[in-house]
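**Q** So the chains spell out like this:
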Amino acid sequence: MLSLALVPLGAVQAAESGFYLGGSIGQASFDVPTDITEIPSFNEDDTGYKVFGGYNFNIGIINLGVEGGYVDFGNPSARFNTAVLSIDADGWNVWGIGGVNLGPFDVFAKVGVVSWDASISVTGLDPGLGSLSDSGSDPGYGLGARISFGRLAVRGEWEVYEIEDTDDVSMFSVGLAWRF
Amino acid sequence: MNTRSIWAACVILTLAVATANAWDPAKTQELDQKAQAAKATLLEKDPGMQRFFDAAAGYVIIPTVGKGGVGIGGAYGKGLLYEGGKSTAEVSLSQLTVGFQWGGQAYSEFLFFEDDAALKDFKRGNFELGAQVSAVAVTVGASADAKFNNGVAIFTYAKGGLMYEATVGGQKFKVSDK
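Chains as they are written, first to last, in the numbering used here: chain A, 1 to 180; chain B, 181 to 358.
Chain A extracted, bound-state conformation (with noise of 0.2 Å):
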């Protein structure tokens, strides 16, 4: 709220055609089955971010665009006596959008690609499992809402990654995006 009170509004408005740049911020959620005795489940959240940026189409009420951008997913970890199982991920992503004005609102859905890298971790486990590198191009959907101050956007969205070998990869977020 206290960047809205730092930057000239406009009234609110429905989205409109053009450039966009943003970032948000948001909770991570990784849900990944193990197969070690010794960690029976990994089912942990850490904060997260992206910046994004993308061009909107408006059509009457119909939005239609385009994003890329990257996300970090955090370092989320889980902790089991001494053993310790740690990820650490990020990714670029890609997503077509499609989406309605309702009044000063506007709702969007998406669906895209990540292109996502991993680092792995177990400690504390004798004998040690060390760590590994993983990556991947998965897809990914998600659903949103926004409203607009004349050129600054503010959205909340929550995004699902179906990264291979995970029960669950999502992340909510909310975040400032402007329109040049």
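Think of the hints as simulated: they come from the structure by calculation, not from any bench. Glycine included, every Cβ here is placed at the ideal spot set by N, Cα and C. Treat the hints loosely; a few may be bogus.
Said to hold, decoys possible - Pairwise CB distance ranges, derived in the manner of DEER restraints:
{"id": "1", "chain 1": "A", "residue 1": "124", "chain 2": "B", "residue 2": "244", "range": "22 to 28 Å"}
{"id": "2", "chain 1": "A", "residue 1": "131", "chain 2": "B", "residue 2": "235", "range": "32 to 38 Å"}
{"id": "3", "chain 1": "A", "residue 1": "19", "chain 2": "B", "residue 2": "317", "range": "46 to 52 Å"}
{"id": "4", "chain 1": "B", "residue 1": "356", "chain 2": "A", "residue 2": "51", "range": "46 to 52 Å"}
Claimed, not checked - Away from chain B, derived, C-beta distances all over 10 Å, residues of chain A:
{"id": "5", "residue": "17"}
{"id": "6", "residue": "33"}
{"id": "7", "residue": "42"}
{"id": "8", "residue": "61"}
{"id": "9", "residue": "72"}
{"id": "10", "residue": "80"}
{"id": "11", "residue": "100"}
{"id": "12", "residue": "115"}
{"id": "13", "residue": "122"}
{"id": "14", "residue": "158"}
{"id": "15", "residue": "172"}
Since chain A is already given, all that's left is putting chain B on it; use the hints.
**A** Below, chain B alone, put in the same frame as chain A:
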């Protein structure tokens, strides 16, 4: 409890701990039999592998490396280190793995050490294979082009007739003298 009883209890406890950690000849013999069977299968698949047994300063045979079946898991195995044709130490392997495998995976693994320096490095303890290290999946003639890399050559073959290349990068080895 008098002093004599306390000393007796300490002696019994010490013996119990020593027994628990002692080298078990029966288990080592069983492991040796499995290792020799794995070696025979390896030579049956590719007789050319004999040159590595002949030339190496030492080698490790791990008859079975078992890998977990789902998500983030571990691969584990126990084997023996051979020097001059005789087993001289027990070797345990562990590795962090990721990825779904139908029913898990099992394979045999062989490490050959080119010279005494490479062997000494392995025996020093906490030996770990770099992420970029790869193993040769044994098929007929696989040994023909195989070479030592940084003093070590690694071969695997899948058990149960399945064909796949085992990922060995990141494997950690612990050597326990007999």
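**Q** I'd like to know which numbered hints this structure contradicts. Please list them from smallest to largest.
**A** 6, 7, 13
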